[in-house]
Structure formats: structure tokens, C-alpha cells
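S.K.: Okay, here's what each chain looks like letter by letter:
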Amino acid sequence: MAGEKGILIGGELPSSGGRPGMTLELLSIGRKLADELNEELSVLLLGNGVNDAEGQELIAHGADKVYIINDPLLATYHPDTFATATEKALREIKPNIFLMGRSEIGQDVAPMVGFRLRTGVAMDCLDLQIDAASKKLMMIRPVYGGNARAHFVCTDVAPQMATVRPKTQDPAPRQEGRIGTVQHLSAALDASVKRSEWVAYNKWESAGGVTLPNAEIVISGGRGIGSAEAYKDTIEVCAGVVGGAAGASKACCDAGYAPPGLQVGLTGQRVSPKLYVAVAISGASQHIAGMGTSKNIVAINKDPDANIFKVSRYGIVADYKQVMPAFIKKCRELVGKSE
Amino acid sequence: MPLHLICCAKQVPDPETPAASFRIDPAAKKVVPAPGIAPVISPFDEQAVEVALRIKDKRPDTKVTIVSLGGASARDVVKHGLAMGADEGILLEDPTFENVDAFQTAYVLSLAVKKVGQFDAIFCGRQAADFDQGQVAIGLAELLGIPALINGQSADFITDNRVTFERVLPDGIGVFEANTPVLTSYSQEVGQPRYPTLRNIMTAARKEISVWKAADLGVNGAAFAPKTRLVDLYVPTYEGACEIIEADSPAEAGEKLALKLREAKII
Ligand SMILES: Cc1cc2nc3c(=O)[nH]c(=O)nc-3n(C[C@H](O)[C@H](O)[C@H](O)COP(=O)(O)OP(=O)(O)OC[C@H]3O[C@@H](n4cnc5c(N)ncnc54)[C@H](O)[C@@H]3O)c2cc1C
Ligand SMILES: Nc1ncnc2c1ncn2[C@@H]1O[C@H](COP(=O)(O)O)[C@@H](O)[C@H]1O
Chain W
0 MAGEKGILIG GELPSSGGRP GMTLELLSIG RKLADELNEE LSVLLLGNGV
50 NDAEGQELIA HGADKVYIIN DPLLATYHPD TFATATEKAL REIKPNIFLM
100 GRSEIGQDVA PMVGFRLRTG VAMDCLDLQI DAASKKLMMI RPVYGGNARA
150 HFVCTDVAPQ MATVRPKTQD PAPRQEGRIG TVQHLSAALD ASVKRSEWVA
200 YNKWESAGGV TLPNAEIVIS GGRGIGSAEA YKDTIEVCAG VVGGAAGASK
250 ACCDAGYAPP GLQVGLTGQR VSPKLYVAVA ISGASQHIAG MGTSKNIVAI
300 NKDPDANIFK VSRYGIVADY KQVMPAFIKK CRELVGKSE
Chain Z
0 MPLHLICCAK QVPDPETPAA SFRIDPAAKK VVPAPGIAPV ISPFDEQAVE
50 VALRIKDKRP DTKVTIVSLG GASARDVVKH GLAMGADEGI LLEDPTFENV
100 DAFQTAYVLS LAVKKVGQFD AIFCGRQAAD FDQGQVAIGL AELLGIPALI
150 NGQSADFITD NRVTFERVLP DGIGVFEANT PVLTSYSQEV GQPRYPTLRN
200 IMTAARKEIS VWKAADLGVN GAAFAPKTRL VDLYVPTYEG ACEIIEADSP
250 AEAGEKLALK LREAKII
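In order, the protein sequences belong to chains W and Z. Heads up, the first sequence is in numbering that gives the first Met the number 0, so the first residue is 0 and it goes up one at a time. Heads up, the second sequence is in numbering that gives the first Met the number 0, so the first residue is 0 and it goes up one at a time.
Derived from the structure by calculation, the hints contain no laboratory data. One or more hints might be untrue.
[As the list claims (entries may be wrong)] List of simulated lysine-lysine pairs, DSSO-like, C-alpha gap at most 30 Å:
#  : chain 1 : residue 1 : chain 2 : residue 2
1  : Z       : K62       : W       : K193
2  : Z       : K28       : W       : K31
3  : Z       : K55       : W       : K301
4  : W       : K273      : Z       : K28
5  : Z       : K28       : W       : K135
6  : Z       : K55       : W       : K202
7  : W       : K87       : Z       : K113
8  : Z       : K29       : W       : K135
9  : W       : K134      : W       : K31
10 : Z       : K255      : W       : K273
11 : Z       : K55       : W       : K309
12 : Z       : K259      : W       : K309
13 : W       : K193      : Z       : K206
14 : Z       : K259      : Z       : K212
15 : Z       : K212      : Z       : K113
16 : Z       : K57       : W       : K320
17 : W       : K294      : Z       : K259
18 : W       : K328      : Z       : K264
19 : Z       : K114      : W       : K301
20 : W       : K273      : W       : K31
21 : W       : K193      : W       : K231
22 : W       : K231      : Z       : K57
23 : Z       : K259      : W       : K134
24 : W       : K193      : Z       : K264
25 : Z       : K259      : W       : K273
26 : Z       : K28       : W       : K309
27 : Z       : K62       : W       : K309
28 : W       : K231      : Z       : K62
29 : Z       : K212      : W       : K294
The structure displayed is predicted, hence computed values, not measured ones.
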């Protein structure tokens, strides 16, 4: 490695299958790192028909430069085309640091590109810092199902690569009057790079309305809920009353009380809402891995020693069956909203 | 032609170890094994073996090989795979394989796969339940120059040269197809892996497990260099004590909670 400069973000556009909001979350942590290193912050956008205005919008949110690659093969997300275009851009731009979201895209593309460039990647980081002495990127990530935390650095390789867990960074604010440049690159992709085909997409039946990833309030049930009927009557009804989404622990899904798509945790959905209510959930590290960054956590559990209280702001030690009807009724009054 | 499927499985501390028994030796940057809790095959790797065996159930002439890179105790992971129904086991064990990073792991696995020779598909876990990296599977595919389909719940062969694969996405299932050779990785949606039968345990006990060292694989010093370094490992502390809401009855506590959340403008 020699002379690599700047921080580059792999942006995500919902129009080509990216996660909404991810780019702004990356811009906020990227800006912090760029200012600390006194280096430029840029964004790489892949798509087909991405225009300069979209680039200017990211400049308003903190980028100094935006690179755009338009190619018919990038119109919708495919791991092979996105990895190949990203690899080409990295060889041309030669950044010091390259960040992506730990989204569906980042889970494929970051390791693919990292291995192609023979560099180091840390997946699913909660935080990134610059080590004062070495000026290296300190990549902080949960390990052992969230039981432990690890700090990694890259050896003498470049770019230093990390993926950032969605919803752990506040989106970068818009600032009027920021200026920067938009530059177009070409990937000259050939269809032969695609080695798999996406042939069907069977979406879960969704109850409609608020879904887990975008919910500001999540009401989750655990194994202690006891039945599918109780899950519906308590968790889903409560979520409806407060305008939130229903979630569940793995044990609750495995028992068939809640639909499989609603699992929150290490291997389920990651959420970071304003309010997370954990009802009859013990708080295993793998569950906390998916919701521990929520702004306010409330636990309702009959076991005063349940681990979930360790991460909670408010707790009630009691049988949920006696707490929830009154809680739901009061919420309905306060929120002034019926199901 | 009979199919040949290779499963990569890692040994990890039992992830169901209660949080209270979880300890770290900060100086060694290692987890201290909890007394009386044996290490296990990483759960998603066991599910990957299950998917391979479901294919073998349909096509009994299929050969399933299980490979694990680890210390001497990782032999138990290979044995477990054999007891579930795999045909051959390989342990990659060498002093230089201790504390390897994701790149080095994938590199050694790629040499092992090349030494095995012909195969149709590789089965991995979505992420190993120790460092939760979720990189080695894709890295192995990249080093072998084959496609990777990740985070699956099932796979099947459409023809001898083409697989169909169901990937678990946040809002549903994506169905993918790819030509072999291909690497696939699996998550909990696979469902419960089979228990070893007594007969398979007996057969497995008699099976010879190949042990391959760095020299057997032609590990090349320069190519084997790590790309990342672990500088710190610790148990995070959660700041902020929990306020337990006291009341005369659980119902009243529920009402108080709603009021508190309203006051704090959370609902
Ligand atoms: C590799 C791996 C990945 C995993 N991924 C995830 C994941 O993504 N998400 C996840 O959630 N888990 C995950 N797990 C599982 C995790 O380890 C726990 O087993 C799981 O979270 C437990 O769910 P639970 O809290 O609902 O059940 P339990 O641990 O059984 O807890 C039930 C709780 O309900 C309380 N309770 C019972 N009845 C009542 C009542 N009437 N009123 C009030 N409280 C009551 C009990 O006191 C108890 O605390 C994973 C595990 C592994 C090994
Ligand atoms: N030491 C190892 N031996 C065998 N397979 C491994 C090893 N490490 C990782 N793998 C495979 O790669 C997957 C992803 O691992 P990781 O990137 O470490 O989370 C695992 O689920 C295994 O299938």
C-alpha cells in the first residue's frame, strides 16, 4: 500500500435494490473519519440513469465528491455486476478507506471485493474510529453473538474496508451551500460476469402498514408469550395501537407463535427504533444483537434477573398477561387511536 | 455421475452458553472455555451439512465430504458430520493455522478444496458463531473463482450441472439458479438438522479422518499473510441502569409505563 487517500463510501440507491437511508448513515460516520484524517469523503453510486442531481444531493449531505457509474447491467442489484464495478472503481480511485453498509448488498459485495483486492474487511461494525498513533482505521464489531466486542485493524493492505451495521449511525443532515464535484466513471461491464440468475421473489405476506425495518416503535414477543393467539392479541394489537411494528425472538418464531419474517436479532432483522418493547423475552445476546441500539428499550418479564433488564431503560417485573391489557388500554387513550 | 458435495464446518464455543458464564482473557484476546460446556459445530454449519444430506437422501450415490480447519478438538466436528451421514472427513490442522483471520482461513480451505479435486457444490454456514464474520464462505468462492449464493434456506440440483437456491431476504425468499461448481451458505431457516443415528455413529467411529498439514496443502508463506489483526477483545458493559416501575398491581404498572413513555414523548 502506498499513497492511497480519501474515504470512499459504496452508496446504495433504493432504485437499484439498495437499502433506503444507508448512504446517509454511511455519510455521517464517513464525514467524522474524513475530518479526523483531513482527507476527502466521496461516494460511489452504481445504477443505470443515475443523474448529477442525485450526486449533488449527497454532496449537500456531506460528501466532497460523488462518482457515478451508469451501466444497463447495474439497473438492478446483482452481486457479480456490483462487485465487478466496485472493484474497478476501487482500482481507479485508490481510497485509503472503503465503507459499505452491512445490508443485503454489503454482505455480498464487501467480502467479494475485499478478497479480489487481497485486502482486509471487518463486517457489521458498530463504530469506526481512527487510531491516534497509527492513523489506522479501528473497526469495532460485536462478536460471539454479541457477548463480546472486538477491535480490528487492517495489516499493511489497502483499502481498509468495513461494513457498518444499518441503523447504528444517525443519517447525515442536509446542509445548504456545500459544494463538491460529480464525476462519471465507466465500468464497461460484460454480461458474462453474471454467474447466477435471480428467477423468483416470494415475498412474505405482510400485514401491511408499518414494517420492522422502518418502524419507529417495535413491540416484540418472546417464548414466554405462550401461543400464537396470545401473540396476536397482545403483541400485534399493541403494535397497531401505537403505530409500530410487531417483532419476535427466535424462540417465539421457532415455536410458531410469530411468523418467521418477524424475528429480530443476530440472524433476524436488525432494528433500531425510538422504542423497543420486549415482552417475555429473556435477552439472549443474539437477540440483543438485533435491537440493542434502540433508543429506548422497555422490558416486561416475570423474572427479575432476566438479562433483558440490563439493556433496558424501563422495566416491569410481572406476568405480561396482567400488564399488557392495561398498557394497551392506556396507550389507546393517550395516542387517541384505535386499532 | 454421482455428485460430490463439500461441507465446511468450524468448531466454536457453544453459543448457547449463558451470558453469565461467558468470560474473556483480555491479555490473550481469547474466550475462556466455560467449565463443563463442550465446544460444538457452529450451528449454521450443521445446517449446511443438513442441506447437503437432504440432497444425498434423494440421490444416495452422492458423496459428502466434511472439512474443518481447527485444533485437534475440531476432529469432533468432522466426526459429527460423519455421524450425521457424511462419507469422508478432513481435518486441516497445523500450528500455523492457529489464530488465522478470515482471509487465511479461506485461503487454506481453498487449497484443501483444490487438493480434494472434483466437486459440484460447497456448503458453508452463513457465519461462524464465534467471530460472526460472514466472510469466509464468499472469500473461499472468490479464491476458487466460483459463484457464491449466501444466506440460504434450501438448495437442490435441477440438473447435474445446475442448482436452485432459496436465499432468505428481509421481506421474503429470493430464488436463484447457478451452474456448478457453486458455493452456497445457510442460515437457521433450514430448520432442525438431523440427529446422528446409532448406525451412523458406529460407521463414523470406524472411518479414517484425513489430517492435512500446511506442507500437505502447499501453503505459500507470502499468500498466507493475514489481512486483519485483532487488537482488542472485551465484554461490553451496558451503561444506564434500568428503572423498574413499581406499582400496587401489574395493571397499574402497565398504565404508569404508558404515561411515562408519553411524558418522554416516546409514544
Ligand atoms: C447462532 C445463533 C443465532 C441466534 N439468532 C437469534 C436471533 O436472531 N434472534 C433471537 O431472538 N434469538 C437468536 N438466537 C437464540 C437465542 O440464543 C435465544 O435462544 C432466544 O433469543 C431466546 O428467546 P426468548 O427470549 O423468547 O426465550 P427464552 O429465553 O425462553 O425466554 C423467555 C422469557 O420469557 C419470560 N416469561 C415467560 N412467561 C412470562 C410471562 N407470562 N410474563 C412475563 N415474562 C414471561 C421468562 O422469564 C423468560 O425470560 C440465536 C442463537 C444462536 C445459537
Ligand atoms: N475454520 C473453519 N473450518 C471450516 N469451515 C470454516 C472455518 N471458518 C469458517 N468456515 C466456513 O465459513 C463460514 C463463514 O465463516 P465466517 O466468515 O468466519 O463467519 C462458516 O460458517 C463455515 O462454513
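S.K.: With reference to the structure, classify each hint as holding or not holding.
M.R.: Quick rundown of the hints versus the structure:
Taking the CA atoms of K62 of chain Z and K193 of chain W, the gap is near 28 Å; set against the 30 Å cutoff, the hint holds. For the suggested pair K28 of chain Z and K31 of chain W, the alpha carbons sit about 28 Å apart, so the restraint of at most 30 Å is met. For the hint linking K55 of chain Z to K301 of chain W, the alpha-carbon distance of about 46 Å lies beyond 30 Å, and the restraint is violated. A distance of roughly 34 Å separates the Cα atoms of K273 of chain W and K28 of chain Z; the hinted pair therefore is violated under the 30 Å criterion.
With a C-alpha separation of about 20 Å, the suggested pairing of K28 of chain Z with K135 of chain W holds against the 30 Å cut-off. Between K55 of chain Z and K202 of chain W the CA atoms are separated by roughly 29 Å; this keeps the pair inside 30 Å, and the hint holds. Among the hinted pairs, K87 of chain W with K113 of chain Z is consistent with the structure: their alpha-carbon atoms are about 28 Å apart, no more than 30 Å. Taken as a hint, the K29 of chain Z and K135 of chain W pair is honoured in the structure, with Cα atoms around 23 Å apart against an allowance of 30 Å.
Distance restraint check for K134 of chain W and K31 of chain W: the Cα-Cα separation of roughly 14 Å lies within the 30 Å cut-off, and the hinted pair is therefore satisfied. Between K255 of chain Z and K273 of chain W the CA atoms are separated by roughly 19 Å; this keeps the pair inside 30 Å, and the hint holds. Taking the CA atoms of K55 of chain Z and K309 of chain W, the gap is near 46 Å; set against the 30 Å cutoff, the hint is violated. Between K259 of chain Z and K309 of chain W, the direct Cα distance comes to roughly 19 Å. Compliance with the 30 Å bound is thereby established for this hinted pair.
In summary, the hint linking K193 of chain W to K206 of chain Z is not supported, as the alpha carbons are separated by about 40 Å, beyond the 30 Å threshold. Of the pairs offered as hints, the one joining K259 of chain Z and K212 of chain Z is violated, with about 62 Å between alpha carbons and a cut-off of 30 Å exceeded. With a C-alpha separation of about 14 Å, the suggested pair K212 of chain Z and K113 of chain Z falls inside the 30 Å cut-off, and the hint holds. For a cut-off of 30 Å, the pair hint linking K57 of chain Z to K320 of chain W is broken: about 47 Å separates their Cα positions.
Annotation: proposed proximity of K294 of chain W to K259 of chain Z holds, straight-line Cα distance about 15 Å (limit 30 Å). A C-alpha spacing of about 18 Å is found between K328 of chain W and K264 of chain Z, which places the hinted pair at or below 30 Å, so the restraint holds. Using a Cα cut-off of 30 Å, the hinted pair K114 of chain Z and K301 of chain W is violated, with the two alpha carbons roughly 55 Å apart. Using a Cα cut-off of 30 Å, the hinted pair K273 of chain W and K31 of chain W holds, with the two alpha carbons roughly 23 Å apart.
Distance hint between K193 of chain W and K231 of chain W is unfulfilled; the C-alpha atoms sit about 43 Å from each other, more than 30 Å. With a C-alpha separation of about 39 Å, the suggested pair K231 of chain W and K57 of chain Z falls outside the 30 Å cut-off, and the hint is violated. The suggested pairing of K259 of chain Z with K134 of chain W is violated, with an alpha-carbon distance near 45 Å, which exceeds 30 Å. Between K193 of chain W and K264 of chain Z the CA atoms are separated by roughly 49 Å; this puts the pair beyond 30 Å, and the hint is violated.
The suggested pairing of K259 of chain Z with K273 of chain W holds, with an alpha-carbon distance near 14 Å, which does not exceed 30 Å. At roughly 24 Å between alpha-carbon atoms, K28 of chain Z and K309 of chain W fall within 30 Å of each other, so this suggested pair holds. Restraint check: the Cα-Cα separation between K62 of chain Z and K309 of chain W comes to about 48 Å, which exceeds 30 Å; the hinted pair is violated. This hinted pair does not check out: K231 of chain W and K62 of chain Z have alpha carbons roughly 45 Å apart, beyond 30 Å.
The straight-line distance between the Cα atoms of K212 of chain Z and K294 of chain W is roughly 49 Å, outside the 30 Å bound, and the hint therefore fails.
Against the hints set out earlier in the document, violations occur for numbers 3, 4, 11, 13, 14, 16, 19, 21, 22, 23, 24, 27, 28, 29.
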